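*Asks:* Sequence:
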Amino acid sequence: MVYIFLATGFEETEALAPCDLLRRAGLEVALVGVNGIEIIGSHKIAVRADLPLDAVHLETMDMLVLPGGLRGVESLRASKAALGLIRRAWEAGKFVCAICAAPTILAELGIVGTAPAVCYPGKESEMGEAEMRDANVVRSGRLITGRAAGASLDFGLALIEALKGREEAERIAKQIVFCRE
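Numbering-wise, our numbering puts 244 at position 141 of the sequence shown, and it's gapless, one number per residue.
Bear in mind the hints are in silico, worked out from the structure with no lab data behind them.
Note that the structure is predicted; figures quoted are calculated from it, not measured.
The C-beta atom is built at its ideal place from N, Cα and C for all residues, glycine as well.
Just to be clear, a hint being listed does not mean it is correct.
What the hints assert, rightly or not - Ranges of calculated distance between the beta carbons of each label pair, as one might list FRET restraints:
hint, residue 1, residue 2, range
1, Lys183, Lys277, 21 to 31 angstroms
2, Asp237, Phe281, 13 to 23 angstroms
3, Arg245, Gly187, 32 to 42 angstroms
4, Glu273, Arg190, 31 to 41 angstroms
5, Glu211, Glu273, 29 to 39 angstroms
6, Lys277, Ser228, 31 to 41 angstroms
7, Ile279, Glu131, 33 to 43 angstroms
8, Glu141, Ala184, 32 to 42 angstroms
9, Pro155, Met235, 30 to 40 angstroms
10, Leu154, Arg190, 12 to 22 angstroms
11, Ile279, Ala238, 13 to 23 angstroms
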């Protein structure tokens with residue numbers, strides 16, 4: 104199961120584009136409402152989550168995905184339950200993935216460490232000792248980071264590749280007529 108956390112102010116493209124791609128690849132995905140079931144994104148789009156945060160089960164989790172959006176990241180930081188679950192997912196050996204400003208949360212939790220990573224331009228100073236790269240998406244083992252909303256398709260395809268392999272990611276890219284960088 105892939106859990107995508109939606110916190111008030113999340114960047115809609117960074118959550119919904121990867122969700123769509125993952126589901127096209129046949130993966131089970133749940134949109135998780137951090138602040139309730141109906142979550143308002145950064146551009147005032149209301150999204151109905153599939154389940155609340157307290158219904159997430161670590162034992163069924165394969166991957167945890169954090170979309171960015173400055174307000175969304177602030178909302179995630181304000182949720183001790185969400186932060187605790189992110190840390191437990193990492194410690195349990197799950198894929199932990201974040202895009203835009205959300206990788207800064209992973210840096211704060213000590214998940215990124217000195218690993219290669221990417222984040223929203225201008226947020227690099229909040230990435231601690233991470234080895235910052237100039238790319239849309241960077242994978243370092245179980246850690247996958249994406250740059251920003253414009254990288255949402257690349258990010259979603261990288262998530263598919265991590266869980267189902269490169270061939271499946273390429274199949275989905277071809278299906279949506281997307282030219283990967």
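*Asks:* CB of Lys183 to CB of Lys277, is that within 21 to 31 angstroms?
*Replies:* 42 angstroms, violated
*Asks:* I want to verify a distance hint. Is the separation of the beta carbons of Ile279 and Ala238 within 13 to 23 angstroms?
*Replies:* 21 angstroms, holds
*Asks:* Could you say whether the range 33 to 43 angstroms given as a hint is met by the Cβ separation of Ile279 and Glu131?
*Replies:* 20 angstroms, violated
*Asks:* Given the hint of 30 to 40 angstroms, is the C-beta distance from Pro155 to Met235 inside that range or not?
*Replies:* 34 angstroms, holds
*Asks:* Looking only at beta-carbon atoms, does the pair Glu141, Ala184 fall within the given range of 32 to 42 angstroms?
*Replies:* 18 angstroms, violated
*Asks:* Tell me if the beta carbons of Asp237 and Phe281 are separated by a distance inside 13 to 23 angstroms.
*Replies:* 21 angstroms, holds
*Asks:* Has the hinted range 31 to 41 angstroms been met by the Cβ atoms of Glu273 and Arg190?
*Replies:* 33 angstroms, holds
*Asks:* Holds or violated: the 29 to 39 angstroms window for the beta-carbon distance between Glu211 and Glu273?
*Replies:* 34 angstroms, holds
*Asks:* Using the C-beta atoms of Arg245 and Gly187, is the stated range 32 to 42 angstroms upheld?
*Replies:* About 18 angstroms separates the Cβ atoms of Arg245 and Gly187, which means 32 to 42 angstroms is violated.
*Asks:* Quick one: are Leu154 and Arg190 within 12 to 22 angstroms, going by C-beta?
*Replies:* 20 angstroms, holds
*Asks:* Range first: 31 to 41 angstroms. Now tell me if the beta carbons of Lys277 and Ser228 are that far apart.
*Replies:* 38 angstroms, holds
Hint compliance for this structure: hints 1, 3, 7, 8 are broken, all remaining hints hold.
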